[in-house]
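Asks: The primary structure of each chain is shown beneath.
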Amino acid sequence: MKRLLKRLREIRNNTRRMLTMNQRNLHYIYPYNHRRYFPIADNKLLTKEVLQDAAVAVPDTLLTYDAFYALRTLEEELCAYSDFVIKPARGSGGGGIVVITRKTGDTWYSAGGTAYNVDKIKRHITDIIFGVYSFGLSDVAIIEQRIDQHPFMCELSPLGLADVRLIVHKHEPVLCMCRIPTQASDGKANLHQGALGIGIDIDSGLTSHAIFKDKQVTHHPDTGIELIGNTIPYWDQVIAMSRAAAEHVPLKYLGIDIAIGTETPLLLEINVRPGLQIQNANQIGMRPGLEALRYQTGQTNSQANSWKPDHEA
Amino acid sequence: MNKVDTTPPVQAASSRTRSYAYFGLMVALLLSAWGIMFYKLYVLDYPLAGLIPSVSYRVDLNIDTTGHGDDIKVSTYLPKTDHRQFIFSEENSSGNFNFAINNDTLNRQAIWTADNVQGRQSIRYSYSVESKHVQYSIPDDMPIPKVYSDELVPYLLAEEGIQVDDSLIAQTLAQLFPDTTPTVLEAVTTIHRHLQDNFENRNFSGFTDALTTLKLGEASCNGKSRLFIALARKLNLPARLVGGLILKQGSKRTSHQWVEVYIAGHWVPFDTINDHFADIPSNYLTLYYGDLVLFKHTTNVNFNYSFTMVKRLVPKREALELLDHSSLNVFNLYTIFEQVGISQNLLKIILMIPLGALVVVIFRNVIGMETFGTFLPALIAAAARETGLIWGLIGFVLIILISALVRKMLDWLHLLHSPKMAIMLSTVVIVMMTMTVLGVQFQLFELAHVTLFPIAILAITAERFAIIETEQGTLKAFRITFTTLIVIAACYAVMDSLFLQSMILAFPELLLVVIALNLWLGKWIGMRLSEFIRFRKLIFAKEAQA
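Each protein sequence line maps, in turn, to chains V and W. Numbering follows the numbering used here, with no gaps: position 127 of the first sequence is 127. Numbering follows the numbering used here, with no gaps: position 466 of the second sequence is 1466.
Only chain W is shown next, with the shape it has when bound in the complex:
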């Protein structure tokens, strides 16, 4: 059989014009997209490297207390923005508690107070963090200074738990540095290696002071850090304790402590648990400086807390600032949209929706999966950014099923179409509200974000579900729901890709390429993957068809 040409000959003339127009449009779209990109990169000097996104964490601190009619006071330290970490989008939701922030030069203390508390009360404080990995190099011939300015003097003194003046500390130093007085580099290297290599790490959350650590030869982060500080201070090196969190996707209670030594005008970090020498990884979040306790609270309130951390990818801030300042900002969408109050985050979602739609098109026309609605999966995936994929899918299924159930009941009442749809819409809103309230009640904050789902489209989907359920059977309705979930997940994966997000934010003209791809898919006559299965007996038939 020859290559098939199904174009009807009578149509040749008009179809030729049409295909010229088609290819012309395609070429024009691609050329203009590449042209604008080229212009930005080579004429406007867009920093391409800066477009590679960086990691950001959303941290939720959840505190639970139970009151017995008395006043409750809870305090903790909140991270501050500095040269290494950038804290943004802070949110406090603490119900009955009054919230105050106590700022001093080093630390930022959050204080929640409430009077006559009865029963369980929750506090939730969220913030986003973008932090950098920083490495210091210490000059190898620098001697330990004799004197420091006044504000550094406290960092040389003994504290409770940091027994600088104890004879054991002096003895240890004598063993570590038997001959001469060490240089700064020798001092910190020797102390760091000694603590890292000769002291066991213990996973113990209680308080350990410097001497105990020394005597036991083992300790957790706070014990090792105190001993480090005691040794450093004894050598006349100002040192301080740092408390913070190691950022990692998931939920945890453990905080971490490490050490900073003042060297040549910089506070240089050392961690002898995870062996970071003059180096701090990007996932270390500083919460406070000094030998402090992270949480303080009224006793007898059944105090409980946890940190929940979600990893996210965001465009680099520096890159965005650079883009903001680049000349000819007509090409820069963010500034324009920010002027009318549309945040970059929202803009990003809007720009990603056509990409999600492209994914849906591929699933429908190339793979051949049936979905509810042409673009519903893309919109749900966009909305699921706030809930996370799993809770987004759960929320979606719950809303559709409950609303479809209501729709079946309405069917029985025999209502006109438009009022029925309006009732469906109200149902979807009520289901969403209920889910949000229950989500907050049961600490499922991700689920609470379902309120951001596209309400009208969900109502229409529930209607479609009910129709398919009636006309083509329950199995079919659930099968389409299932394939819809798969396509939502695929859209989510694509739309959540940091690389694509940064690309589309920096080069919105890529949407023209998306249009060109859709033009191509719009003329694609290949066999859908599902049709290979549908017609398998004919396609894989041994003998040729009659």
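Next up, chain V with everything else stripped away, as it sits in the complex:
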């Protein structure tokens, strides 16, 4: 009986450490992320623009296309590049992203080996512009520099670009994980699509736990590489970059995605509604970490309202 009570208390305490969906929305997203500033996160072009001043490294934008007629010049503009990434500015879940790795003659080839001629690329960009990947809104297609992944990350994640997801509250990273594409996730670094999630210790950058499809694993399911006990390269820079980026946007509860390039980390995107699965990846609840920041003077919306992005007419 005593043991049962003790166990129940233990369960209750564990429960209180978890950040749940209702709490995340009511206590963090609504008070700390004003809807007005969502576009900064939702539109990747805007994100880059805002972060330019913050001296946060982002992948270079090579070209953008926002209208059908602009595609006339695509062929001459694009022929100079042999590797690049096509992205919808407002896409979600990695939809609509095409990674071109090489060019032979007039044909480009994607990471997966699919051949793309000019017409095929034009068609894909047309889809992006017409909002196929952004819930029916018209969108902008971004052509940006392809990130050369750090050799260590290539080894850890040979099937695609891995990234580090950090939950940043009031400019402080609270929890982070590394997301690694798998065969099951079809090259995408999204946990609910079947990517690996690896918990990382914030102070050391050491990987601690890994989950794959809700199960705890220690090795990559496709390559068999050991996942635990590695140190993510440029870890201090990653943390510093997440702080710098967070200080530069009026959003105080963020998911920041950073890729590890050969020379420097690069910020990929920021997310105003970061998921909760990161707790499973780290095998730890997020609330103690968030509540430790309670008395931190992070601005809430009422104060942040004075901030105005240039783009707001």
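FYI, nobody ran anything at the bench for these hints, they're computed from the structure. Hints may be right or wrong, so weigh each one.
[As the list claims (entries may be wrong)] Across the chosen pairs, the derived CB separations fall in these ranges:
{"hint": "1", "chain 1": "V", "residue 1": "69", "chain 2": "W", "residue 2": "1017", "range": "44 to 54 Å"}
{"hint": "2", "chain 1": "V", "residue 1": "151", "chain 2": "W", "residue 2": "1017", "range": "53 to 63 Å"}
{"hint": "3", "chain 1": "W", "residue 1": "1524", "chain 2": "V", "residue 2": "151", "range": "45 to 55 Å"}
{"hint": "4", "chain 1": "W", "residue 1": "1524", "chain 2": "V", "residue 2": "118", "range": "48 to 58 Å"}
[What the hints assert, rightly or not] Pairs of lysine to any residue, SDA-like flavour, derived with a Cα cap of 25 Å:
{"hint": "5", "chain 1": "V", "residue 1": "120", "chain 2": "W", "residue 2": "1413"}
{"hint": "6", "chain 1": "W", "residue 1": "1420", "chain 2": "V", "residue 2": "95"}
{"hint": "7", "chain 1": "W", "residue 1": "1252", "chain 2": "W", "residue 2": "1297"}
{"hint": "8", "chain 1": "W", "residue 1": "1542", "chain 2": "V", "residue 2": "283"}
{"hint": "9", "chain 1": "V", "residue 1": "120", "chain 2": "V", "residue 2": "95"}
{"hint": "10", "chain 1": "W", "residue 1": "1234", "chain 2": "W", "residue 2": "1196"}
{"hint": "11", "chain 1": "W", "residue 1": "1252", "chain 2": "W", "residue 2": "1205"}
{"hint": "12", "chain 1": "V", "residue 1": "120", "chain 2": "W", "residue 2": "1419"}
{"hint": "13", "chain 1": "V", "residue 1": "215", "chain 2": "W", "residue 2": "1468"}
The beta carbon of each residue, even a glycine, is placed where N, CA and C say it ideally should be.
Following the hints, put chain W in place on chain V, whose structure we already have.
Replies: Frame of chain V; chain W shown alone:
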């Protein structure tokens, strides 16, 4: 760990004002709802007992015939509204047949005729019934009257099958009443008990006359009833045969017959098959009086029929009438809405939708089930009232799957969003129409009612299905469809509850309580049931987390 307070301190001042406003609003909503209810109950004297709903049946009579080029005539008896049963919402759909009703003082005969019929033709006649249980008490010292008025005389005479004047009837009576002439009560009690206890019930649908019943010592309802009548008439008690249906959820062909004896100005019912003495249960539907045949039809037409009965709960009519007449009708929504042609049934559905939405909110935010659309389940459940739950769910899944398939094909064509959605909408309409036509063709009339489904919302749902199918996989899309079906079923159960329907019709102010509940759920930060599963390893971890 102490109780967690996650309110950021910098926000304290504004959040305090906000929480005062929040609780103030909640209290105001609850108080006004209870206040209006109290006012209605104690000042306007609303009859609370009358609000408890009564059972109603929807009866569908389906008749099938096959013509060979000749004329076809079919007739049957339709129930009449009387002191005990109330017939409403009658609908005839008989295709090529001409339909006429022949009314006489006792019965209402429906006649369908068609010329030169070729092939299969169907007739469908539907009506709703609300009927009461009635019990009579017969005074114990009342003698059998000697004479009756002229119109009762036919009920004392012999008929074919009711051989009143046969010597066997007289003999039986002599055995039953050896000494004196009985009182009315003695007479009907003895005859009833004799037939109920000493005659076997036989489940036989053919015609049995009084004498055959007497000789065999067993019979079905019509034989026993005829013998009852013969014995009663011989004792100078006017009696008649009643034909009808025993109402019960489901489909059947069997009709039932029982007896009515004229006692002290009332026709008192007796059923010696199911032992109802001077008593008629609420699920007995009277179709006709007299020794008649329920169906008549031209021979050689492959005649077939069935009754399908669906049980429904409806507010008591008397209660509604009372409410209509109560003073200060500003509180009474029905009369107001009826003036602009919105039926009570529709009003009821409209009022129940917020309750369905509350169910959806609970499933999404407390249980943590993903559904298509925030309120789609509530709307589908409301529309499924006409199709029934099972056919509603089947119809929903079919519409979504077919439309999503079309959407996938459109995807391949690369169309702009708005025209694509317009095509989806047309697809949903076409699928619905097809289902209705097929439903009628295959006698699945419930399915035919899918036309009442919210078209635009279905189109959006099919679009969502297709997007989720592409982005998150087929398994996920089907999983959400499945959870949506569960939530629809839960909404249906709540919205179909007679108790809640009557309450919300009588006290629409309960919607304020629904709003208050949503206010509360809007601040509810508890762990969703699904999150216990999602984070089970962390929650049920043995050692404390690092």
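Asks: Please go over all the hints and tell whether each is borne out by the structure.
Replies: Results of checking the hints against the structure:
1. The supplied range of 44 to 54 Å is met by residue 69 of chain V and residue 1017 of chain W, whose beta-carbon atoms lie about 53 Å from each other.
2. Distance hint check: the CB atoms of residue 151 of chain V and residue 1017 of chain W are about 56 Å apart, consistent with the given range 53 to 63 Å.
3. Range check, residue 1524 of chain W to residue 151 of chain V: Cβ separation about 49 Å, and the 45 to 55 Å hint holds.
4. At roughly 54 Å, the beta-carbon separation of residue 1524 of chain W and residue 118 of chain V lies within the given 48 to 58 Å, and the hint holds.
5. Taking the CA atoms of residue 120 of chain V and residue 1413 of chain W, the gap is near 14 Å; set against the 25 Å cutoff, the hint holds.
6. The hinted pair formed by residue 1420 of chain W and residue 95 of chain V meets the criterion: a straight-line CA distance of about 20 Å does not exceed 25 Å.
7. Taking the CA atoms of residue 1252 of chain W and residue 1297 of chain W, the gap is near 19 Å; set against the 25 Å cutoff, the hint holds.
8. Restraint check: the Cα-Cα separation between residue 1542 of chain W and residue 283 of chain V comes to about 13 Å, which is no more than 25 Å; the hinted pair holds.
9. Taking the CA atoms of residue 120 of chain V and residue 95 of chain V, the gap is about 17 Å. The hint holds against a cut of 25 Å.
10. For the suggested pair residue 1234 of chain W and residue 1196 of chain W, the alpha carbons sit about 19 Å apart, so the restraint of at most 25 Å is met.
11. With a C-alpha separation of about 13 Å, the suggested pairing of residue 1252 of chain W with residue 1205 of chain W holds against the 25 Å cut-off.
12. Proximity of residue 120 of chain V to residue 1419 of chain W is assessed by CA-CA distance (about 24 Å); at most 25 Å being required, the pair is judged to hold.
13. For the suggested pair residue 215 of chain V and residue 1468 of chain W, the alpha carbons sit about 23 Å apart, so the restraint of at most 25 Å is met.
Every hint, counting from the list given before, is met by this structure.
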